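Protein chains in written order, with the numbering used here: chain A, 1 to 241; chain B, 1 to 241.
Relax, there's no trap hidden among the hints.
Identical copies look the same in the list; a pair holds intra-copy or inter-copy alike.
Restricting the straight-line Cα-Cα distance to at most 20 Å, the calculated cross-link-like pairs of lysine to aspartate or glutamate (EDC-like) are: (1) K234 - E189; (2) K174 - E214; (3) K234 - D193; (4) K101 - E4; (5) K71 - D57; (6) K173 - E22; (7) K233 - E189; (8) K76 - E151; (9) K200 - E189.
Keep in mind that the hints were calculated from the coordinates and are not lab data.
Note that the coordinates shown come from a computational prediction; the quantities given were computed from them, not determined experimentally.
2 protein chains.
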Amino acid sequence: MNPEFIHTYVSVDCVVFGFDYENRLNILLVQRHVENMPVDSQKKLPGSLIFSDEDVDDAANRVMYELTGIKKMVLKQFKCFADPARASNQNDIKWMGTEYKHNIDRIITVAYLALCKIDHKINSSKYDTVDWHPIDKVPQLPFDHNQIINESLIEIRKWMETDFSIIFELLPKKFTIRMLYQLYSAVSEKKIDIKNFHKKISSFNYIIQMEEIEQNVSHRAARYYRFDPKIYKKTHNKLIK
Amino acid sequence: MNPEFIHTYVSVDCVVFGFDYENRLNILLVQRHVENMPVDSQKKLPGSLIFSDEDVDDAANRVMYELTGIKKMVLKQFKCFADPARASNQNDIKWMGTEYKHNIDRIITVAYLALCKIDHKINSSKYDTVDWHPIDKVPQLPFDHNQIINESLIEIRKWMETDFSIIFELLPKKFTIRMLYQLYSAVSEKKIDIKNFHKKISSFNYIIQMEEIEQNVSHRAARYYRFDPKIYKKTHNKLIK
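Okay, chain A solo, but in the shape it has when bound:
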């Protein structure tokens, strides 16, 4: 064999997005265990090496199920990360040795985006600690996990531009326009004016006004809306119709 070609382990890593009650974008991190390292510096993205009889999509679904207990989640493969130096940090090598009982020389990972309603109960069969972290307060993570998160944000933006309906995967079933606005603003790069946003949204016939209004809020109670996926499918925006 030409020794120049790599023979490598392959993993999947998942960036799971949620939208919290303070209207911030969050992601799920899990705890890894490395001896003699402070606990608060051991967060990582949920992930796993893939099995010999497994496709990467199956591995990502397995990771998501072990992580959340939820069987079907909106999950999207977005990029393979294969920098030769991505697993060269000594702490990461040590952790892989403990976790996988082997010295792993090189590892490439296939990254996935997942969308989760934050009020969904997280019931992990694998991890003791699974926590939501606001996206702007993610600590320094092992491997290239911070880079993966940064690129996942670019990806979710693009995804929302192509298919606006994915935004409703992150919202509760009934939501106010303010919640929708704040989620859109959290994902988008640009600030947008709330009046323009209202106007635009009111032209989307798949966002349905409900009878119900907010209860027990300190500000003026806002009306709830819901998303109608059937109407969306019919009227889905194409560049050229």
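Starting from the known structure of chain A, arrange chain B on it as the hints suggest.
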């Protein structure tokens, strides 16, 4: 080591799109050599195993350079294909043995989309035979290359919806609206009316009418247009502005 985890070779494969003079979408295929197999059943997508010090994007750029002699091409990673059975055909195993001098048990591939102006001279340093094939006349290919091509079509559609400017990577610098229409129709799933298309296109201020008209054509000579990337950048369509 837990024997359930895979340790595998990794390759990149490139689907290179071009748009020909008969207004058809084409892709580039290369010739592989397998003993006792008819030559016409040995086409494949251009690709390579990745080197031990190489990232996948670098490998894809190398493949594209070895394939075309062109240093900078529009190239986009779109999916990792990792079906455990994707390299289990006996002819494919035999070819890998000859090409890479080793028995390869499993191989995952990272697929890329590339866009090429078809009048660009293809100057391959690696392959004797590099040919354009109309997308609807692609023969049976090895591995999962037919599936990769099918999924690349879905991807190029999405890409065009998110960023319409990529369509101009496939057109000559000056083009008629008919050429643009036929390329758009070849990529899109849905048939669109040419009158509506004309109307829509005339609202795009980044498509600039030129003085020049077609020469030596049997039909009525049409006007040429060009794409202005600077204006496009300024006015790039967002769902919500």
